[in-house]
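Residue numbers (the working numbering), protein chains in the order written: chain Y, 1 to 254; chain S, 1 to 235; chain D, 1 to 252.
Don't take every hint at face value.
[As the list claims (entries may be wrong)] Reference listing, derived: stretches of chain Y covered by chain D, where coverage requires no fewer than 3 residues with Cβ under 8 Å from a Cβ of chain D: (1) 111-125; (2) 161-175; (3) 218-227.
[Stated by the list, open to error] Sample of chain D residues with no beta-carbon within 12 Å of chain S, all distances over it, derived: (4) I9; (5) V65; (6) A94; (7) L221; (8) I226; (9) P251.
None of these hints come from the bench; they were simulated from the model.
Glycine included, every Cβ here is placed at the ideal spot set by N, Cα and C.
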Amino acid sequence: MNTIAPSKNSPMIELTGVRKNYGNYEVLKGIDAEVARGEVVVICGPSGSGKSTLIRTVNRLEEIGSGSISCDGNNIHRPMPAKELNRLRSRIGFVFQSFNLFPHLSAIDNIAMSPIRVKGVARDVAYAKATQLLERVGLTDKANAYPGQLSGGQQQRVAIARALAMEPPVMLFDEPTSALDPEMVGEVLSVMKGLAADGMTMMCVTHEMGFARDVADRVWFIDQGQIVECAPPEEFFSRPQTARAQRFLSELRH
Amino acid sequence: MSSFDLSEILGNPEYVSMLLLGIEMTFVVAIGSWVLAMTLALLLLGLRYAPGPVGNAFVTAYVSYHRNVPTLVQLMLWYFGIFTLMPDGLTFWLNDHNAEAIFAVIGLGLCQAAYFSEDLRSGMRAVSPGQLEAARALGHSYVSAMRFVMVPQGTRNALPALINHSVSLFKNSSLAVAIGVAELTYAVKEIENLSFRTFESYLLVTILYLVFSLMIMTVGAYVARRADPVRSGRA
Amino acid sequence: MISDIIAIIRDYWLLLLIGQYPNGPLGGLAATLMLSVLAIAFAFPVSIALALARLSKSPLLNWPVSALVYFTRGVPLLMLILWGYFLVPLVTGASVPSFLTMLVTLVVYQGAFLSEVVRGGIVALGHGQMEAARALGHSYLGAMRYVILPQALYNVIPSIISVFVSTIKDTTLGYVINVPDLTFAASQINNQLLTQPFQVFFILAAVYYVICWSLSRVAVLTERRITRKRAGTAAQATAKSLKLAALTDQPS
Ligand SMILES: Nc1ncnc2c1ncn2[C@@H]1O[C@H](COP(=O)(O)OP(=O)(O)OP(=O)(O)O)[C@@H](O)[C@H]1O
Ligand SMILES: [Mg+2]
Numbered sequence: 001m002n003t004i005a006p007s008k009n010s011p012m013i014e015l016t017g018v019r020k021n022y023g024n025y026e027v028l029k030g031i032d033a034e035v036a037r038g039e040v041v042v043i044c045g046p047s048g049s050g051k052s053t054l055i056r057t058v059n060r061l062e063e064i065g066s067g068s069i070s071c072d073g074n075n076i077h078r079p080m081p082a083k084e085l086n087r088l089r090s091r092i093g094f095v096f097q098s099f100n101l102f103p104h105l106s107a108i109d110n111i112a113m114s115p116i117r118v119k120g121v122a123r124d125v126a127y128a129k130a131t132q133l134l135e136r137v138g139l140t141d142k143a144n145a146y147p148g149q150l151s152g153g154q155q156q157r158v159a160i161a162r163a164l165a166m167e168p169p170v171m172l173f174d175e176p177t178s179a180l181d182p183e184m185v186g187e188v189l190s191v192m193k194g195l196a197a198d199g200m201t202m203m204c205v206t207h208e209m210g211f212a213r214d215v216a217d218r219v220w221f222i223d224q225g226q227i228v229e230c231a232p233p234e235e236f237f238s239r240p241q242t243a244r245a246q247r248f249l250s251e252l253r254h
Numbered sequence: 001m002s003s004f005d006l007s008e009i010l011g012n013p014e015y016v017s018m019l020l021l022g023i024e025m026t027f028v029v030a031i032g033s034w035v036l037a038m039t040l041a042l043l044l045l046g047l048r049y050a051p052g053p054v055g056n057a058f059v060t061a062y063v064s065y066h067r068n069v070p071t072l073v074q075l076m077l078w079y080f081g082i083f084t085l086m087p088d089g090l091t092f093w094l095n096d097h098n099a100e101a102i103f104a105v106i107g108l109g110l111c112q113a114a115y116f117s118e119d120l121r122s123g124m125r126a127v128s129p130g131q132l133e134a135a136r137a138l139g140h141s142y143v144s145a146m147r148f149v150m151v152p153q154g155t156r157n158a159l160p161a162l163i164n165h166s167v168s169l170f171k172n173s174s175l176a177v178a179i180g181v182a183e184l185t186y187a188v189k190e191i192e193n194l195s196f197r198t199f200e201s202y203l204l205v206t207i208l209y210l211v212f213s214l215m216i217m218t219v220g221a222y223v224a225r226r227a228d229p230v231r232s233g234r235a
Numbered sequence: 001m002i003s004d005i006i007a008i009i010r011d012y013w014l015l016l017l018i019g020q021y022p023n024g025p026l027g028g029l030a031a032t033l034m035l036s037v038l039a040i041a042f043a044f045p046v047s048i049a050l051a052l053a054r055l056s057k058s059p060l061l062n063w064p065v066s067a068l069v070y071f072t073r074g075v076p077l078l079m080l081i082l083w084g085y086f087l088v089p090l091v092t093g094a095s096v097p098s099f100l101t102m103l104v105t106l107v108v109y110q111g112a113f114l115s116e117v118v119r120g121g122i123v124a125l126g127h128g129q130m131e132a133a134r135a136l137g138h139s140y141l142g143a144m145r146y147v148i149l150p151q152a153l154y155n156v157i158p159s160i161i162s163v164f165v166s167t168i169k170d171t172t173l174g175y176v177i178n179v180p181d182l183t184f185a186a187s188q189i190n191n192q193l194l195t196q197p198f199q200v201f202f203i204l205a206a207v208y209y210v211i212c213w214s215l216s217r218v219a220v221l222t223e224r225r226i227t228r229k230r231a232g233t234a235a236q237a238t239a240k241s242l243k244l245a246a247l248t249d250q251p252s
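Next up, chain Y with everything else stripped away, as it sits in the complex (with noise of 0.2 Å):
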């Protein structure tokens, strides 16, 4: 897990020239990277520096004004019918600072419905994965309980678990543990570990800098619409090479 080195030859994400504007503001300037197969990456940067909208366009919740992003090899920006983003989207998984799971529906059934409605996978079928996915996020007993039940970890972990019930070959993470109690992030962050673990290409903005040292492969440092350092993490840690990023990780160890 701690070489870069990709499993295949193309690397799982690739973004290329990625500029987006909100009106005459510049979110992203020319946003230049790669995620290689495996790879774990961790986003981090001021607030405003527009890391949830680089996070956001990879599965294109995001439209981007120019350049391009491809995704195990499928360019996810380009005219394509409906059907097709569908399905390339579903293959991407996300998961939302604020959970977003469905409330209309049981645990199990936010795990289950969309392999069943998008990929027209067989009930029995979907629903074993559900638990074995229940079991992996360590939440077997509240397969029957609806999100308004569940606390905010236990409700992050079922949104993880609804998005690898789709089989993504990446997952990405928007500040996944930052509208949790204190006391429940670690619960999340485990799970999160734990799919590194198993060699899941992930993307994550995250301020959780524990995580990003045991975890990551490399930190991405976003100022301003811009990545400005792009290291592995003990040496971003230790040796932060622009001023911008030095003050990013002073301000934080306050």
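With chain Y fixed as given, assemble chains S and D with the ligands onto it according to the hints.
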């Protein structure tokens, strides 16, 4: 039927004057009942907050009746029913002073007051109790906290509902036709009868209603925007 | 006075209940309820279609629906009924019972109103649900079908009941085109008795009150139930629900 021709109506001074009279009466009924309704609504709201259970029970019953009986039936009960039970002197006086219009104002106003007072109450309830506490903690008296903190927020919360209900009050002025008030709907039926121009007369009056309603909505939206410190740029 | 009222009920209860039926069309309370139930039953699917059209980005879809919504919000129902009375026979080319004309008018009118309720329910859910469903690969309509509508429609059940109550009250306006409903029956009784208008219209008001009050209670209880069930998940913005309540709870 001959082809579409609005000038058949708009070119006829008799029809035009019927239309204008209808518009005038519609506004008399709508504005009269709006003023009555708002005044009563404030009284009802005061009663709600008055100490003791009697005021509250009265308002609950008042609101319940006026919201659960069709407005048209309320008007009929006033004009065909209660009117006949009144002492002769009063009946004569009312008959001399356009009794239909007066009962339309009373009926619609009383009914609408129930809606307005509930709008205001929900608006007040939507202000978080923390606001009152914060104001009291800063040393405001109860009255002063109400005056400067609660009521401004409560009315602002109530505005969208009040505007909606003002539009429906305006539309409901058309119900007055059922008790013989010569307002706009009455005018259109008369014009239709005389001119045989059903489509044209309906179209004309429909547009008039639409324009007036949209005017109320626009003014309402403007007032709501002015009342919102963020959107009006006074933040 | 009270004995008058009892006497009227004793003599005319059947007329109030079913009108002239079977010697004439079904009328009275039965017609009022049937008209209301049918109107809501047809207006409901119409309203979902209208709400989706209004939410769509295509101006071809959302423009006409917005126009319809503003039209029904700005024009008195009475005027729409007159239009219906004029247009429905013109379109169908046959003379149509006033009951049917009234039904068509109510479906259009309440369909437009209800579409605002449904749209409000969808909007109140926020972006997160749609985004999460799309991120899982659902199509727009799939997300609507499996994620958004089940929640939105459930949440607006109380408002739908309120619209139903409004519909019952709205059926009274059928008098302009002589729909044989409860109000019509009461007018008939009044015309026969001539001397007791207060008593007759008092009974009429009382019957409507009992029905609409009961249904309003059901709406309130359902609302409480739903709120309880939703407690713990994302709280809905008060302002939004206030606006929604004002929309459905119209005098008529
Ligand atoms: N829909 C939008 N319209 C206009 N501006 C937006 C929009 N979404 C985001 N922005 C702006 O784009 C910039 C980047 O936003 P983004 O959410 O990507 O930041 P972030 O790095 O994720 O910040 P945070 O750490 O606070 O989540 C911010 O300045 C934000 O105000
Ligand atoms: Mg963010």
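Checked hints:
1. Coverage of the region 111-125 of chain Y by chain D holds. Counting CB-CB distances below 8 Å, 5 residues qualify, and the rule asks for three or more.
2. Against chain D, the region 161-175 of chain Y contributes 3 residues with a C-beta closer than 8 Å to a partner C-beta. That satisfies the three-residue criterion, and the hint holds.
3. Here's how the region 218-227 of chain Y fares: 0 of its residues keep a CB closer than 8 Å to some CB of chain D, so the rule of at least three is not met and the hint is violated.
4. Separation of D:I9 from chain S is adequate, the least Cβ-Cβ distance of about 16 Å exceeding the 12 Å criterion.
5. The claim that D:V65 lies off the interface holds: its Cβ sits roughly 16 Å from the closest Cβ of chain S, which is beyond the 12 Å cut-off.
6. At the 12 Å boundary, the C-beta of D:A94 stays outside the reach of chain S, the nearest C-beta of that chain being 17 Å off.
7. With 12 Å as the threshold on Cβ separation, the claim that D:L221 sits away from chain S holds: the shortest Cβ distance comes to roughly 15 Å.
8. Every C-beta of chain S lies more than 12 Å from that of D:I226, the closest at about 17 Å, which supports listing it as non-interface.
9. Chain S draws D:P251 into its interface by the beta-carbon criterion, the shortest separation being 5 Å against a cut-off of 12 Å.
Comparing the model with each numbered hint stated earlier shows that hints 3, 9 do not hold.
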